[in-house]
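S.K.: The residues making up each chain are set out below.
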Amino acid sequence: MGSGSRIKQYGGRFSQGEQTREEREEEAFNIIKVLGEYEVRESEGGGYELLKGGEAVGTFSEARVEMERVVLKLGRGMNLEVSEKGVREILSPKKAELCGLIASDGGIYIGGKKKIYEVYFDSKDEELAGVFSSLIEEVYSKISRDHTYSQETREGEKIYHKPRVYSKGIAYDLEDLGIKGPEPFEFHPPSDHLDDEGKRAYLKGFFSGDGNISKSWGEYWFRVYSTCREGLDELREMFIDLGFHPSDIHVKYREPKREICMILVFLKKSI
Amino acid sequence: MKKELEATIWSWGEEFEDVGKNCEKYISKRWDENIKECGVWILARERNEGIIYNVVLFVSDPKNISDLAQRLFYATLFQGNTKIDFVLARLSDSISASRISCHDSMETVERELKKLGEKVIEKFSGDPKIRQMMIGREVVFIPEIDLLCELESQLTNKIVVEVIHDFFPHIRDLLDSLTSRLIKEGLAKRVLGYKLEGGVNDLKVEDTEVRGKKVFVWLTRTRKVTD
Chain A
266 MGSGSRIKQY
276 GGRFSQGEQT
286 REEREEEAFN
296 IIKVLGEYEV
306 RESEGGGYEL
316 LKGGEAVGTF
326 SEARVEMERV
336 VLKLGRGMNL
346 EVSEKGVREI
356 LSPKKAELCG
366 LIASDGGIYI
376 GGKKKIYEVY
386 FDSKDEELAG
396 VFSSLIEEVY
406 SKISRDHTYS
416 QETREGEKIY
426 HKPRVYSKGI
436 AYDLEDLGIK
446 GPEPFEFHPP
456 SDHLDDEGKR
466 AYLKGFFSGD
476 GNISKSWGEY
486 WFRVYSTCRE
496 GLDELREMFI
506 DLGFHPSDIH
516 VKYREPKREI
526 CMILVFLKKS
536 I
Chain B
790 MKKELEATIW
800 SWGEEFEDVG
810 KNCEKYISKR
820 WDENIKECGV
830 WILARERNEG
840 IIYNVVLFVS
850 DPKNISDLAQ
860 RLFYATLFQG
870 NTKIDFVLAR
880 LSDSISASRI
890 SCHDSMETVE
900 RELKKLGEKV
910 IEKFSGDPKI
920 RQMMIGREVV
930 FIPEIDLLCE
940 LESQLTNKIV
950 VEVIHDFFPH
960 IRDLLDSLTS
970 RLIKEGLAKR
980 VLGYKLEGGV
990 NDLKVEDTEV
1000 RGKKVFVWLT
1010 RTRKVTD
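Just so you know, the protein sequences line up as chains A and B, in that order.
Taking the working numbering, the leading residue of the first sequence gets 266, the next gets one more, and so forth.
Taking the working numbering, the leading residue of the second sequence gets 790, the next gets one more, and so forth.
Isolated chain A, as found in the complex (with noise of 0.2 Å):
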């Protein structure tokens, strides 16, 4: 990550227009932000453009210009965050709030004899299905499907909501960021490709699946559950990120193999 041809790339995918590298030098522009070895400059006739070394290597049609940082607006959820330390790639808040619920309460699925490729989402809550839904929409201008498995009980029909998106493109871009699998219950944070309002929107998607708030003895509290070890450990290290404090790892259940994990947040805030 961070070198020019890959940058390039993205400014391919992402250039407006059809100018060519010509006519846009004839363009005037200002440049609002010189980080390290990077300057981004916007154009008078609307975009971006990224230049390293004095050398353009991408334009943009959306940039945020904070005190430290630039973030330009790349496809997919996708973000270039320039900064002095050079470039990444982070997640939308809103791609990240959709990898921590499919941490949580979904999973990618890519296989089988006729090659499925499939994200879905199981949940009880119409309303947390919906947000799925709606994220899915937002950052792959996709509509799920949103199916709902109902059984008959002795006390009437129970409902679970499972919206899913099939799409080769989607299965492939969200498992390339490592988020789930290949055990059905291990998930990983992309912490490499969150900045801290994308750590937020991670956990509260996560949250939702396999998190809840109680008070008890007196206080708040935040937990979150999972039965993989390693990516609470993560989760954990977000919260430290984010300048909260996090419990231990405190296992609740322990079978050879199979444990369930929780890490206990305080609150410090009434809520």
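No lab work stands behind these hints, which were simulated from the structure alone.
It should be emphasised that the depicted structure is a prediction, and the values quoted were computed from it without experimental measurement.
Treat the hints loosely; a few may be bogus.
[As the list claims (entries may be wrong)] Here are some, though not all, of the chain A residues that point toward chain B, as calculated from beta-carbon distances under 10 Å:
#: 1; residue: Ser369
#: 2; residue: Ser406
#: 3; residue: Gln416
#: 4; residue: Gly443
#: 5; residue: Lys445
#: 6; residue: Lys517
#: 7; residue: Tyr518
#: 8; residue: Ile525
[Claimed, not checked] Below 27 Å or equal to it, Euclidean Cα-Cα: the simulated DSS-like pairs (lysine-lysine) are:
#: 9; chain 1: A; residue 1: Lys427; chain 2: B; residue 2: Lys903
#: 10; chain 1: A; residue 1: Lys389; chain 2: B; residue 2: Lys973
#: 11; chain 1: B; residue 1: Lys814; chain 2: A; residue 2: Lys379
#: 12; chain 1: B; residue 1: Lys825; chain 2: B; residue 2: Lys984
#: 13; chain 1: B; residue 1: Lys872; chain 2: A; residue 2: Lys480
#: 14; chain 1: B; residue 1: Lys825; chain 2: A; residue 2: Lys378
#: 15; chain 1: A; residue 1: Lys380; chain 2: B; residue 2: Lys810
#: 16; chain 1: B; residue 1: Lys810; chain 2: B; residue 2: Lys825
#: 17; chain 1: B; residue 1: Lys872; chain 2: B; residue 2: Lys978
#: 18; chain 1: A; residue 1: Lys380; chain 2: B; residue 2: Lys814
#: 19; chain 1: A; residue 1: Lys480; chain 2: B; residue 2: Lys1002
Positions of the beta carbon are idealized from the N, C-alpha and C atoms, including for glycine.
Assemble chain B onto chain A, guided by the hints.
M.R.: Using the frame of chain A, we list chain B on its own:
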């Protein structure tokens, strides 16, 4: 020699209706004349309160197992805000169910818990590290509670529910609701009794947290479920 075979027949993300099919496949492959019993273990979490629990049914007739596994799965899945992590099938050449026996009433359990709380204070207040943290602060000991509940069933050898949490009222509420569901769904006939697992000597300090004028001390069981 005691023989036990085990397989994960379902895990989160698989289709719900596959529990019975997967169980059937496993049973047909592994059951032989030496097998006396199959235990179907459902490992679950009630997410609103973060309660870990498992529901186990023990069956000796291989013909009924997959159907019962599927029914038990649904009964558990639709219990409150439950997430099922795994379903396991364990085959044994002995009757494991006979080793589990729960005869106490809920009132007895509550009395035992009260005594346990007193013993916890007595034992762990003497811990030098905790004593140090206690200076000028209130200590809150949070022992992990592991409660078993045995149910009589006309369809199975027995059903056992194990609930793990640190707040007893949540455990009691979950057990009340889950056992009623198992009875309503025809899987169990009645609750036979309860049993509190472990004593003060099975607890060790897992974590501590100093928050202002309070010290929280989490105590976990040194022996977990299958040890």
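S.K.: Checked against the structure, which of the hints given earlier come out wrong?
M.R.: 2, 4, 9, 14
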